[in-house]
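Chemist: This is what each chain is made of:
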Amino acid sequence: QQQVKQSPQSLIVQKGGISIINCAYENTAFDYFPWYQQFPGKGPALLIAIRPDVSEKKEGRFTISFNKSAKQFSLHIMDSQPGDSATYFCAALYTGANNLFFGTGTRLTVIP
Amino acid sequence: NAGVTQTPKFRILKIGQSMTLQCTQDMNHNYMYWYRQDPGMGLKLIYYSVGAGITDKGEVPNGYNVSRSTTEDFPLRLELAAPSQTSVYFCASSYIDRVGQPQHFGDGTRLSIL
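Residue numbers (the working numbering), protein chains in the order written: chain A, 1 to 112; chain B, 1 to 114.
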C-alpha cells in the first residue's frame with residue numbers, strides 16, 4: 001500500500017516554464033513533508049520541506065503548497081531550467097516514526 | 001567531507017550467493033538507514049538503526065540482515081540472493097531522527113541477481 005501517492009510519473013516542461021508535481025496522503029499523523037531531488041547515478045538529496053502548520057514555503061524558485069484539509073501537497077518549480085531535470089520524490093513522516101514514506105517519483109525533463 | 005559512502009557501486013550476483021553492502025558515514029550521525037529503490041516504486045525502508053548496537057526492521061526486511069557495531073558503519077547482508085532483490089540500494093544517515101532533520105543519502109549500490 002502506497003502511503004504517499006505522487007503524480008505525474010513524468011513531466012516535460014519548456015525552459016522558463018512552471019513545473020508542478022502533486023502528492024496526496026491519507027495518514028493524518030504525518031507532520032513533516034520533504035521533497036527530495038535525485039540526479040542519475042546519485043542518491044536523493046533534500047530539496048525543501050514543510051510542516052502542516054503552514055500552507056506554503058518558498059526557497060528560491062522552489063515552492064511547496066500544502067492543503068491540510070485535502071491532504072495534498074505540491075512542489076512548484078518556477079522558471080524551470082535544464083539543470084532542474086531530475087527525479088523528484090515527495091515523502092512524509094510523523095514524529096516518533098523512523099520511516100520516511102516516499103512517493104513513487106516524478107521524472108522531470110526541462111527542454112532548452 | 002565524504003558524507004555517506006557506499007561500496008560497491010555495482011555488483012552482479014548469482015541466485016543463492018551472499019554478499020555484504022557496505023555503508024559508512026563521517027558525520028557522526030546516530031541514525032542510519034537502508035532503502036531499496038525499484039523502478040516506479042519510490043524508496044522502501046529495509047532496516048534502520050538508532051545507534052551502535054540497536055537495529056530494527058523497516059517496511060521490507062525479509063531476506064536481509066544488518067548490524068551496527070560502530071557509529072560510522074551500517075552494513076547490509078544478503079544471505080541467499082534472490083532475483084526479487086535486484087534493486088538499487090541506498091544507505092542514509094541523519095542526526096537525531098526527529099521532525100525537520102534531513103536524511104543524507106549515499107550514491108547507491110546497483111545490485112543484479114541472475
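No lab work stands behind these hints, which were simulated from the structure alone. Please note that a few of the clues may not be correct.
[Unchecked claim] Quick list of in silico lysine-lysine cross-link-like pairs, DSSO-like style, CA-CA up to 30 angstroms:
| hint | chain 1 | residue 1 | chain 2 | residue 2 |
| --- | --- | --- | --- | --- |
| 1 | B | 44 | A | 5 |
| 2 | B | 9 | A | 42 |
| 3 | A | 57 | B | 9 |
| 4 | A | 5 | A | 42 |
| 5 | A | 5 | B | 57 |
| 6 | A | 58 | A | 68 |
| 7 | B | 57 | A | 71 |
| 8 | A | 68 | B | 9 |
[What the hints assert, rightly or not] Derived, one-sided and incomplete: chain A residues facing chain B with beta-carbon distance under 7 angstroms:
| hint | residue |
| --- | --- |
| 9 | 14 |
| 10 | 15 |
| 11 | 16 |
| 12 | 17 |
| 13 | 40 |
| 14 | 46 |
| 15 | 60 |
| 16 | 102 |
| 17 | 104 |
Even for Gly, the Cβ is constructed at its ideal location relative to N, Cα and C.
Chemist: List in ascending order the numbers of the hints, as given earlier, that are violated by the structure.
Modeler: 3, 8, 9, 10, 11, 12, 13 and 15
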